[in-house]
Amino acid sequence: MNIQKFVQLMQPFEEITRNLSSSQISISSVIPLIQVLKITLQQEETKPNTTEQFINFITKLRDELNSSARFGNLVENDKYTIATYLDPRYKSHFFTSVIAEQVESKLLNMTINTISRTRQSNCIQDDDCEPSPKRSRTQIAIEDIEVQPSTSKSSASLQILESMLSVNEDQEDSSTADDGDNLLLKIQSHLREYKKEKRLPLHEDPLM
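Reminder that position 46 of the sequence shown reads as 46 in my numbering, one-by-one numbering, no gaps.
A portion of the hints provided could be inaccurate.
Said to hold, decoys possible - Per label pair, the in silico range of CB-to-CB distance:
#, residue 1, residue 2, range
1, 43, 181, 46 to 56 Å
2, 115, 14, 41 to 51 Å
3, 66, 14, 16 to 26 Å
Just so you know, the hints here were simulated from the structure itself, not pulled from any lab data. Computed from a predicted structure; not experimentally measured. For glycine and all other residues, C-beta sits at the position ideal for the given N, C-alpha and C.
Please put together the full structure from these sequences, using the hints given.
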């Protein structure tokens with residue numbers, strides 16, 4: 001086995017091991033860095049000067065990386081997948097579409113549950129848990145109408161009708177949906193905005 005080739009192959013392993021051992025590293029970088037190692041092995045394996053003996057060594061390294069005792073089940077670990085997804089340098093880049101959808105679903109559930117628990121806790125502390133009565137769509141329209149003085153009954157009626165029809169559509173939607181639906185829509189909206197944003201460069205601090 002070519003010693004120089006062996007050293008070149010193991011160099012990324014050393015660098016990534018040092019990175020993952022740093023106090024400045026986040027678990028969000030584990031999945032991306034492991035992918036770097038896998039790509040490195042794949043590139044070395046396809047080089048024309050790679051001997052059969054070296055290919056066998058690469059296969060053993062890949063098997064170790066993919067084993068459940070090592071890093072094989074990282075995409076099944078919510079801590080790693082969610083941390084990676086929420087890191088603006090990575091987002092869903094290292095996930096399949098199926099894994100990304102699963103992570104987003106877990107994020108939505110976690111956020112809703114956290115907000116619900118916080119509300120319940122505040123309710124207990126403030127002793128103010130009575131929900132405010134909901135107004136119907138008709139009540140909203142009537143209460144929000146400002147009728148201007150008019151010289152005829154016909155024009156006044158038309159003005160009221162026009163005001164009723166001009167009620168904001170968002171206001172209409174919120175009057176028919178419960179708090180849970182509204183909360184879910186808001187969180188989904190934030191998630192869509194996050195996905196649209198460009199990923200940060202690697203040298204940027206994701207916590208900033």
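Going through the numbered hints above, which ones does this structure break? Give me the numbers in ascending order. Violated hints: none at all, because every hint is consistent with the structure.
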